[in-house]
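Protein chains: 2
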Amino acid sequence: MHTVLILSRHARDYRALVEAAHLPDLEIVATSEPSEAMANAASFDLAFGEPSLLRHVVPSMTALRWVQATWAGVEPLLDPALHRDYTLTNARGVFGEQMSEYVFAYVLAHERKIFARDASQRAGRWDPEPPTRLRGKRIGLLGVGTIGAALACTAKHFGMRVKGYTRASEGCADVDEYFHGPLTDVSALFGSDLDYLVSVMPDTSQTRHLVDAALLLALPPRCVFINPGRGGVVDEMALAAALHDGRLAGAVLDVFDTEPLPADHIFWRLPNVRITSHTAALSAPPDIAPLFIDNYRRLVRGEPLMYRVDFERGY
Amino acid sequence: MHTVLILSRHARDYRALVEAAHLPDLEIVATSEPSEAMANAASFDLAFGEPSLLRHVVPSMTALRWVQATWAGVEPLLDPALHRDYTLTNARGVFGEQMSEYVFAYVLAHERKIFARDASQRAGRWDPEPPTRLRGKRIGLLGVGTIGAALACTAKHFGMRVKGYTRASEGCADVDEYFHGPLTDVSALFGSDLDYLVSVMPDTSQTRHLVDAALLLALPPRCVFINPGRGGVVDEMALAAALHDGRLAGAVLDVFDTEPLPADHIFWRLPNVRITSHTAALSAPPDIAPLFIDNYRRLVRGEPLMYRVDFERGY
Chain B
6 MHTVLILSRH ARDYRALVEA AHLPDLEIVA TSEPSEAMAN AASFDLAFGE PSLLRHVVPS
66 MTALRWVQAT WAGVEPLLDP ALHRDYTLTN ARGVFGEQMS EYVFAYVLAH ERKIFARDAS
126 QRAGRWDPEP PTRLRGKRIG LLGVGTIGAA LACTAKHFGM RVKGYTRASE GCADVDEYFH
186 GPLTDVSALF GSDLDYLVSV MPDTSQTRHL VDAALLLALP PRCVFINPGR GGVVDEMALA
246 AALHDGRLAG AVLDVFDTEP LPADHIFWRL PNVRITSHTA ALSAPPDIAP LFIDNYRRLV
306 RGEPLMYRVD FERGY
Chain C
6 MHTVLILSRH ARDYRALVEA AHLPDLEIVA TSEPSEAMAN AASFDLAFGE PSLLRHVVPS
66 MTALRWVQAT WAGVEPLLDP ALHRDYTLTN ARGVFGEQMS EYVFAYVLAH ERKIFARDAS
126 QRAGRWDPEP PTRLRGKRIG LLGVGTIGAA LACTAKHFGM RVKGYTRASE GCADVDEYFH
186 GPLTDVSALF GSDLDYLVSV MPDTSQTRHL VDAALLLALP PRCVFINPGR GGVVDEMALA
246 AALHDGRLAG AVLDVFDTEP LPADHIFWRL PNVRITSHTA ALSAPPDIAP LFIDNYRRLV
306 RGEPLMYRVD FERGY
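Chains as they are written, first to last, in my numbering: chain B, 6 to 320; chain C, 6 to 320.
Just chain B, same shape as in the assembly (with noise of 0.2 Å):
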């Protein structure tokens, strides 16, 4: 017998989403409060929810053997202060197609000029400029895990040439070119003929800061940053300067060092940043409760788990 913690904003959803598996010899406990669920915390083996959650409760969970994480980014589960003497598995392969969309709907935005034809609009102007193409545009990725892959596609449907950086993966044939090694060697060769950048890294002690002002600076001016990823990736202030110098032609931001964005960041106060406040991809519980149905029929027929988290290396 296995008892689940179901801890998240959504506990109700996945509650019931969960029970329609009909999953064996499951015991579930569903609550979107921490607090409720430290007096038995010590009962369940299992746990499903939002890591920002359960990172309160993990401490006094001595009995636990595996954590399903209901986002892909586990900071918080990763604090060297907790234990990490079970397995964790993140959420992966589902947010490709929310992440095309979002990152697209800017890329064409950008293409189309739509911002500046709707204040043509307003003026009552008519406002034949001409709009660019996509097709033969070059988009960089910073990381080609599943969501890569999926903007990688989206980037080949429409004609684009793609450039992937990876750790050393090269799974994805979307990919045009790949570069891998320190970036600050490559990032000449990486960046300067790009006119998209996509930061889809994962937030690690190796990725902090990787857009720095050398990435930045080696990036052509007519270039646009598009950051759907995680916010300590970026040096906000090395872009900031950036994108008030003109060295970058503009900016999509989702994700930031503090979120909400503080009222008095200098980003508020660019022209040539959009800023999306951490909605590119939602963890929506139809997406996610499967990750943790199919897990757990693994569990139950001791099979390896799918989309396991190396606490060390922090995705």
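In case anyone wonders, no lab produced these hints; they're calculated from the structure. One or more hints might be untrue.
If chains are identical, the list can't say which one is meant, so a pair holds when it fits in one copy or spans any two.
Listed below are the simulated EDC-like cross-link pairs for lysine to aspartate or glutamate, each with C-alpha atoms no more than 16 Å apart in a straight line [unchecked claim]: (1) K161 x D123; (2) K161 x E182; (3) K142 x E102.
Got chain B; can you put chain C on it based on the hints?
Quick look at chain C alone, frame taken from chain B:
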């Protein structure tokens, strides 16, 4: 020996592109002024250019054998007062990519709420309002020629369901369901579950005001109408009424009965209309010149020309 009149705003570009093809037995005269072409009009057996310019010279072109239009729409040359004793070919197969970038820029902008998010940003407001998703949504295409097929292909890429309205053809595999017959008969079947309706119909006597009050009534209030095709296909007053009354979520309009759109037109004042000033797909000489070059080679070899227009049908 043949003599072609290139009559176009881009006469110089077209001359350079045609010359570079080293076509046999061809003399080229290129100008952007119809008046300059009038003196020798009878000496040209071929013409290549914008229908709106060519219409002034065609009546004097007594030796005319073939006209290659640089546009898809050839309405100016269909005036029954003009002679029709020549072969008319139009530009086809070259606008699909631009149209796809245009339509999906605005479709994705709608799903991702990018104008509302822009307004939030200008107010300095963190706006975590969730976006909606394109996957599973339904798009209806009025017309499935090469442009409609390109739109259907992109719609499938994003996981949409595609309905196509055509006179008879069912050649595009990306269309899930076809509808034919008078639109008055099938409008409920075709329109009632659409999230997006896109018109890429040619402007002919049979398509005039095809998008009328009855069709608009069949659409659900969540539907967005997009017209990158021809203005005459739409009953503008019926569309304005539907938008004003909230019976449609919005409209993205590239083409109009009168262009530029008159300053006092109600479309300027409707908040759920996007006006894009006839920029959806432009005739770029590097795309269009190959159509003339390929057809000229066919002419010389005695083969049938591509993309022949039926003067009666109008496309």
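A quick look at each hint next to the structure:
Taking the shortest Cα distances, K161 and D123 never come within 16 Å of each other, neither inside one copy (28 Å) nor across copies (28 Å). Taking the shortest Cα distances, K161 and E182 sit within 16 Å of each other inside one copy (13 Å), while across copies they are farther apart (26 Å). With identical chains, the CA atoms of K142 and E102 are at most 16 Å apart between copies only, with a shortest distance of 13 Å across copies and 21 Å within one.
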